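K.L.:
Here the protein sequences line up with chains A and B, keeping their order.
Just so you know, we're using my numbering here: the first sequence kicks off at 240 and counts up by one.
Just so you know, we're using my numbering here: the second sequence kicks off at 1250 and counts up by one.
Hints were generated in silico from the structure; no laboratory data involved.
You may find that some hints are simply not true.
[What the hints assert, rightly or not] In the DMTMM-like style, the derived pairs of lysine to aspartate or glutamate whose C-alpha atoms are separated by at most 20 Å in a straight line are: (1) 343(A) / 1321(B); (2) 277(A) / 1326(B); (3) 277(A) / 486(A); (4) 343(A) / 1271(B); (5) 432(A) / 297(A); (6) 343(A) / 1326(B); (7) 1278(B) / 1321(B); (8) 381(A) / 351(A); (9) 361(A) / 418(A); (10) 459(A) / 423(A); (11) 361(A) / 503(A); (12) 354(A) / 418(A); (13) 381(A) / 1271(B); (14) 381(A) / 1326(B).
In this text, all values refer to a predicted model and were calculated from it rather than measured experimentally.
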Amino acid sequence: MGSPPLKAFRLQAAGQRFRYNSFFLLPSDLITMDTKRKAVALISGGLDSMLAAKVVMEQGVHVEGINFFTGFCVEGHTHAIRKRHPERPKRNNALWVAEQLGIKLHIVDVIEEYKDVLLNPKHGYGANLNPCLDCKGFMVRKAHEWMEAHGFDFIITGEVIGQRPMSQRRDTMPVIARESGAGDRLLRPLCAKLLPPTLPEREGWVDREQLYDFSGRSRKPQMALAARFGFRDYAQPAGGCCFLTNESYSVKLADLWRSRGTRDYSLDDIMLLKVGRHLRPRPHFKLIVAREEGETRYLEGYRRQFTNLKTVSHSGPLALVDGVVSEDDLHLAARLVARFSQGRMADQVRIAVTTPDGTARTLEVQPLPPDEVQAEWYIDHEPLHA
Amino acid sequence: MSHYTLDARRLLCPLPVIRVQEQVGRLAKGDTLEVLCTDPGARHDIPAWCRVHGHRVVDVRTQGSEIVITVEVQGRE
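Looking at chain B on its own, in the form it has when it is part of the complex (with noise of 0.2 Å):
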């Protein structure tokens, strides 16, 4: 089980999704990614996108004007 992170700063939604998509589908079960963004609508999109893909929201918070997300893999996409 390995962290890695992903900066989808700047990035508009749905970008910073599909950034996230990319990324998990080259993780493991077991993986924690911690995403960085500044789009406000990526607070519900990326566990949007979790939750139908089946992946876990560990954290979402907020650091100054960035929001950070931790998500957990829960499979293979």
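Same shape as in the complex, but just chain A (with noise of 0.2 Å):
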């Protein structure tokens, strides 16, 4: 990319220059050369990405936006499980930005594709089992192939140099472009200015002057240029988005992988993993403890696929069981799900164990002594490459 059109000849229209070239121009780019030009922003709920769209807009393009779901990302109703932050907003923060941007947004279902980006990273791991690289060239593929099949003309994504230590560097940027097969149709307009001009503002779809050149790990420019919107609420994920960036979720999930002798989950896999105490009292099975009322409540929808248990004699939190116990297993289970209830000081305490088919009987057992409860048993503290 990059070099001198082999063909081009140009066109006034409506005041504009327009440049055909044979190589870079879409059928649709001659069809629509009197209309509005059209882009596709992929939306994460950011700032970032809130405020490129809104630079492209104003310039009178218009703009949807398109928001990639995986399965990791961590929603506002993800925290709403539990009652922790009550003070943050519960909302699904991409939608929230399309609306304060007065702009449509597609919300795509990619969880099955993006099995392979999280199984088989072409470009490795981030400090957790983040595979930033090359999830942000899928994310910007599957936006290329919606701008394509809507007959949108190019693709606005709120990357900053620098921001990230994987994907946001200036040597891997040009690297997105091309592997997603976006090419010079992927516009940053928060740090165009520091990279070779792309189609739009070649084309003069965009004016490469009203386009920015913010680069770094500080927020400031982005902070400015809000403000200069009219921007005053705004998530800050800034990375934080996705849950395999933490440390914990990412324990979590290799050690679900290690458990079952392979690399594979399913939806409900990796949504267990966000939610209460994971513990694994032995190899073949872990129990999940919800840790409130909240987490009591999302996994009693899972009832009919774990064996699960309840303390009945005082209150206290429900458990899930993943694999296959024998009585000694349960029992151990049981008096660990004691533990973690009001009856943790009590000589006994009753628990209901339930099959998911619906069976179900009483344990009376005595609560595990707090210097029973071995430390590994917690699988976040385990280390993530054992």
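Put the two chains together into one complex, using the hints given.
P.N.:
What follows is the structure, given as structure tokens:
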């Protein structure tokens, strides 16, 4: 890319100059030459993508948003399962951003396709199980496919050079453009001036002079631009929007693969890793213990899939048993659940044990003393790459 | 004009929104879609999706532990 056009001609239309290039332009470019250009913006729900979309909208381009659901997204409602952080708005930030911008948002389920990105990342993982570079390339590729299917002209992302250690570096930005297939139809309005001109800039669809040269990890330029646009309320994820960047989550995912002897997962698997305490007292089973009422309610939805334990004589959490267990294992699990109940100091706690088919019985157990709950049973305490 | 129902129970957001988006894309103007949800987030997110796409939320009600949201399609996606 970047070579001079082999065949070009200029047209005057609506006072704007268009240049036809047989390599870079699509048939739709000629058809829509006298109409508004259309861009699809990757909207994460954070500030950067919101600003990037707004910058291009300000230039008269029709923008619609796209957001990909991988299953690992940290959504307001994932937090809402627990009652922590009640001050945080319980909203889908991508939809909220679209509403602020007054644009459509297309939310795309990529759960199945994303497995290959996570399980076989060409560029490897970051500090945890986050395949950020492959992930960004994947999302831009999906946006490019959407762009072509819907007759749009180019793609916008909120990337800023140097903002993220893996996917937003000067040397990785061309990799994303190349491997996604988007090429120079990928515009990064917040740092465009630090990059070679893209097709939308060269063709005059957007004015390069009105784009930006943000770089580095500082958020000040973005905050100043947000103030200029009158955006006062915005989410601050900046990379914190994916569970795979979270060490504790990644350790639990690695444990899941190790215990099953295969690197695969279902949506239920990865949702459950977001909820509860995860303890593995024996290699062949683990317990998922609700930490509070919201998690108990959420785990109740899985009672027909897992053997589950609930204190009867005292108030206490619901726990799911993941694995095939013996009678001794169940007894140990019940003592652990009793440990997390209001009956932890009692001599005996009664626990209801229910199997997925609904068969129920009761166990009377002594809560496990604290010194017998081994630290290594807590899965997120394990070293990730062990 | 036809009436349809969508079972989005046990799905966590944004999946109920995605299922609504898929279904609405197959419907015609004037059709109504009744969505059954259990995630309280759907109460906010489905109406938000409808607002940005220009569809009309006709009714939001609670039915036991479920939330029932009725959407009237205003045009093709």
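K.L.:
Decide, hint by hint, whether the structure agrees.
P.N.:
Status of each hint after checking the structure:
1. 343(A) / 1321(B): Holds - the C-alpha atoms of residue 1321(B) and residue 343(A) are around 17 Å apart, at most 20 Å.
2. 277(A) / 1326(B): holds, 16 Å
3. 277(A) / 486(A): violated, 39 Å
4. 343(A) / 1271(B): holds, 14 Å
5. 432(A) / 297(A): OK: residue 432(A) and residue 297(A) at ~17 Å, within 20 Å.
6. 343(A) / 1326(B): holds, 10 Å
7. 1278(B) / 1321(B): holds, 8 Å
8. 381(A) / 351(A): holds, 13 Å
9. 361(A) / 418(A): holds, 11 Å
10. 459(A) / 423(A): Judged against 20 Å, a Cα distance of about 28 Å means the pair is violated.
11. 361(A) / 503(A): The hint holds at about 17 Å.
12. 354(A) / 418(A): holds, 18 Å
13. 381(A) / 1271(B): holds, 17 Å
14. 381(A) / 1326(B): holds, 19 Å
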